[in-house]
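J.: So you can see what is in the structure, the chains are spelled out below.
Number of protein chains: 2
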Amino acid sequence: MDKISIGLLGLGTVGGGVYQLLQRDNEAINRRLGAELVVEKILVSDLKKARNHEIDKSLLTADPKDVIDNEEIDIVVELIGGTKVAKELVEAALKKGKSVVTANKELIANHGSEIFDLAESAGVEIDFEASVAGGIPIIGPLKDSLVGNKIVKIMGIVNGTTNYILSKMSEGDEYDHVLAEAQELGYAERDPSADVSGDDAGAKIAILSSIAFNSRVTPKEVYTEGITSVSLNDIMYAYELGYAIKLVALAKKRGDELDVRVHPTMISLDHPLAKVDDVYNAIFVVGDAVGELMFFGKGAGDMPTASAVVGDIFKVAGNLKKEKKCYSTCTCFNSFNVKPIDEVESNFYILMEVLDRPGVLAKIAKILGEEGVSLGSVIQKQSSGNLAELVFMTHLVREGNLRSALSKVSDLEDVDRVCNVIRVETGEDG
Amino acid sequence: MDKISIGLLGLGTVGGGVYQLLQRDNEAINRRLGAELVVEKILVSDLKKARNHEIDKSLLTADPKDVIDNEEIDIVVELIGGTKVAKELVEAALKKGKSVVTANKELIANHGSEIFDLAESAGVEIDFEASVAGGIPIIGPLKDSLVGNKIVKIMGIVNGTTNYILSKMSEGDEYDHVLAEAQELGYAERDPSADVSGDDAGAKIAILSSIAFNSRVTPKEVYTEGITSVSLNDIMYAYELGYAIKLVALAKKRGDELDVRVHPTMISLDHPLAKVDDVYNAIFVVGDAVGELMFFGKGAGDMPTASAVVGDIFKVAGNLKKEKKCYSTCTCFNSFNVKPIDEVESNFYILMEVLDRPGVLAKIAKILGEEGVSLGSVIQKQSSGNLAELVFMTHLVREGNLRSALSKVSDLEDVDRVCNVIRVETGEDG
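Each protein sequence line maps, in turn, to chains A and B. Read left to right, the first sequence gives residues 22 to 451 (my numbering). Read left to right, the second sequence gives residues 22 to 451 (my numbering).
Okay, chain A solo, but in the shape it has when bound (with noise of 0.2 Å):
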């Protein structure tokens, strides 16, 4: 099988969540590019460093030539981030005429023009989709799924730190004691500042607006305010009145003018936005044709930053390869089964209606029982007449088991009638 070569810059978190993902069986990738995507060769600063990872030290090199100068190289990825040695690496990549794949939020709103430039005159591609909401898919759907729309709107919550921070305030906690919490479970930074000031989130917005509304916005042209300011005072208040408050990124196009802007902003509870909690982001876009859309999940983190920037490394090596033929449409090469629904394992919500009297529910929890229906909780109610209502929370059980045991429920003469069985998905099968 081809092979498409792909050359690290670093092997940090997300470097290294990068290495994993593609170390593994992939044949979803192999299949629809007909090529297999290899890692030749990773830039560390440290050769001697300790990994958590299992790495082929053979890959391993402190001098950039051996990734920026390798024939062997198709793609360059560059999980280095800031602005100076990234940069300057990026810009050789590309110049030696190799693809780029980014995670680099910072060069990307503050460099794309010149970076973007450099990529059309090589005739090569560069992406990005990890540089705002780790791996939240964004970038793509916005730039390609959505062409035929006019973008609106966007309001997008993409700092989980401050988000996680105006949750737990929200709950009545001081931000002080919030932010404390967060640097110990390491949702934020020691030195927060680039979080809490909203700058993080302003880079962010940068680059989203650019491309919804294909026209350049820097960070320096974003508004940005801060949620140091915001009190638990201001936070009782917005919810007496409706609203909860979020450090917002919001872009909109009014007439030939973009208003472009980053600071705590008070939305409508019903609004969905309102409900993303914790270091979850989120972004909120309004297309003309499309109406409103919200693309939700985890904003930062290793393994969910890796996941966009293979995303990334697929899109690239697909437009790499010349036999568009390898891009079949059908992508179903497994053939696995459907479990027949009797062999199903679910938790259950069961309604019954049963005579109001002494001993009825031990007869059923017993017949319950001996078909392996374990039980979570019981609500009894007195219904009508001499009836009372019953209901019963199982734990996992395999769904034939239920049926038969309900069966022989149905046939107790103290019980009337099995109103309902509806499956609770309480995560407690994975």
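Calculated from the structure, these hints are not laboratory results. Be a bit skeptical, because a hint or two may be false.
One copy or any two copies: either way a pair holds, since identical chains are not told apart in the list.
Computed cross-link-like contacts, BS3-like style, restricted to lysine-lysine with a CA-CA straight-line distance of at most 30 Å [said to hold, decoys possible]: (1) 24 <-> 360; (2) 360 <-> 274; (3) 241 <-> 387; (4) 429 <-> 360; (5) 174 <-> 296; (6) 116 <-> 384; (7) 70 <-> 105; (8) 360 <-> 164; (9) 189 <-> 116; (10) 78 <-> 171; (11) 342 <-> 387; (12) 241 <-> 108; (13) 241 <-> 116; (14) 24 <-> 78; (15) 24 <-> 342; (16) 360 <-> 189; (17) 360 <-> 174; (18) 360 <-> 108; (19) 360 <-> 171; (20) 117 <-> 387; (21) 116 <-> 342; (22) 116 <-> 336; (23) 274 <-> 174.
The hints should help you fit chain B onto chain A, whose structure is shown.
T.: Just chain B now, with coordinates in the frame of chain A:
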């Protein structure tokens, strides 16, 4: 400029929407493709039927051959629906070497395998983003952006009619009454059986699970239970136990078996899907690298569906174009100004502490009024000692005006301090 020619099969609500979107100025599409998308022919069943939109009559034909056998046409867009005529025409188009875009879930769910084989042997592409969840980008992200993940689970609210009914029932309305109301509003068909039986959702989860697990799943393999047995009583007990009842289309991989089904499901009120109400759709995806994602939006309707169709046309057209250079990475061909923050209009929340004595509110309101700051609501509360807290919610006001008004208000002897000013996103400004 080059052109890429489109043949539309069908000019119903979605077809009309696609035609409209392709007719208007599409600079982003044209520049990025280096080609224009041109509608060449439209197959209709009745040439004389009155149309909602202005249509160039010379494009219309009642003869399928004018599209299928038309050498000019590069991409055939099937918007007829069903699996009879639509299937014949899609197959004929693929055999003629034309790429196909379709919104037809029955066709893809039931005959995907044959159709994809045909496309592959003809060396063309078939795309079908609009077949699941209307305008929400889900098939593209699942196939491409998330290709580095092993998909663990998909849980979708993919039928707007039943979600509307269950949402309204959770407010205490009986099924029959809500259904009648939904029919009046156009949210439910005269014959709602495909929706309320779960069959519509079944076809959609067959498509999504085929993609997620790279293994063909057909609708008849999907266990399906509708919402007609869900009672107000069930919804009330569920709520009491901390759950919402939703019609969930679910797919999980368990070892080498798939668990794919559609049924009313109790979901924890904390789960993002529990908050998806009315006709909205949402697809919750868990990938082993990316973690939890959710894609939310309108799952039906002419323009949302047309948005997805145009996104697919763009994708196919990009693959048809040989010169990769046109796919330049930079999409910033406009140069809009970003508004200075002083010129931005917002609604504001203002919290201030004032001396608790008569006439203060009047003085403040007078200054605000003079500066053009119009008030929505005011809350006044006793604070500590001789201070009171005032909370104002303004109507839309230019930020510069507000700043100047607040500076004058701060100068008042009666005003201790303006504690905070937070922008409110009411949607009042669109």
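J.: Compare the structure with each hint and give your call.
T.: Consistency of the hints with the structure:
Proximity of residue 24 to residue 360 under the C-alpha cut-off of 30 Å is found in neither arrangement, the shortest distances being 37 Å within a copy and 48 Å between copies. Taking the closest pair of Cα atoms, residue 360 and residue 274 come within 30 Å of each other only across two copies (10 Å); inside a single copy the shortest separation is 50 Å, beyond that limit. In this assembly of identical chains, residue 241 and residue 387 lie within 30 Å of each other by CA distance neither inside one copy nor across copies; the values are 70 Å within and 36 Å between. Taking the shortest alpha-carbon separations for residue 429 and residue 360, only the intra-copy value of 25 Å comes in at or below 30 Å, while the best inter-copy value is 71 Å.
When the C-alpha separation of residue 174 and residue 296 is checked against a cutoff of 30 Å, the pair qualifies both within a copy, at 19 Å, and between copies, at 22 Å. When the C-alpha separation of residue 116 and residue 384 is checked against a cutoff of 30 Å, the pair qualifies neither within a copy, at 78 Å, nor between copies, at 65 Å. In this assembly of identical chains, residue 70 and residue 105 lie within 30 Å of each other by CA distance solely inside one copy; the values are 22 Å within and 63 Å between copies. For the homomeric pair residue 360 and residue 164, the shortest alpha-carbon distance between copies (23 Å) is at most 30 Å, but the shortest distance inside one copy (38 Å) is not.
Taking the shortest alpha-carbon separations for residue 189 and residue 116, neither the intra-copy value of 47 Å nor the inter-copy value of 59 Å comes in at or below 30 Å. Taking the closest pair of Cα atoms, residue 78 and residue 171 come within 30 Å of each other only across two copies (27 Å); inside a single copy the shortest separation is 49 Å, beyond that limit. Proximity of residue 342 to residue 387 under the C-alpha cut-off of 30 Å is found in neither arrangement, the shortest distances being 64 Å within a copy and 69 Å between copies. For the homomeric pair residue 241 and residue 108, the shortest alpha-carbon distance inside one copy (18 Å) is at most 30 Å, but the shortest distance between copies (53 Å) is not.
Proximity of residue 241 to residue 116 under the C-alpha cut-off of 30 Å is restricted to the intra-copy arrangement: shortest distance 27 Å within a copy versus 54 Å between copies. In the homo-oligomer, the alpha carbons of residue 24 and residue 78 lie at most 30 Å apart inside one protomer (21 Å), although the nearest pairing across protomers, at 51 Å, exceeds that limit. With identical chains, the CA atoms of residue 24 and residue 342 are at most 30 Å apart both within one copy (10 Å) and between copies (24 Å). Neither within a single protomer nor between protomers do residue 360 and residue 189 lie at most 30 Å apart by alpha-carbon distance, with minima of 42 Å and 33 Å respectively.
For a Cα distance limit of 30 Å, the shortest separation of residue 360 from residue 174 across copies, 15 Å, qualifies, whereas the shortest one inside one copy, 43 Å, does not. Proximity of residue 360 and residue 108 under a CA criterion of 30 Å is satisfied inter-copy only: 29 Å between copies versus 51 Å inside one chain copy. Taking identical chains as interchangeable, the C-alpha atoms of residue 360 and residue 171 lie at most 30 Å apart only when they sit on different chains, with a minimum of 19 Å there against 44 Å within one chain. In this assembly of identical chains, the alpha carbons of residue 117 and residue 387 never lie at most 30 Å apart, being 74 Å within a copy and 66 Å across copies at closest.
In this homomeric assembly, residue 116 and residue 342 come within 30 Å of each other (Cα to Cα) both inside a single copy, at 20 Å, and across copies, at 24 Å. Taking identical chains as interchangeable, the C-alpha atoms of residue 116 and residue 336 lie at most 30 Å apart whether they share a chain (20 Å) or sit on different chains (27 Å). For the identical chains of this complex, residue 274 and residue 174 are intra-copy neighbours only, at 7 Å inside a copy versus 37 Å across copies, given an alpha-carbon limit of 30 Å.
Hints 1, 3, 6, 9, 11, 16, 20, counting from the list given before, are not met by this structure.
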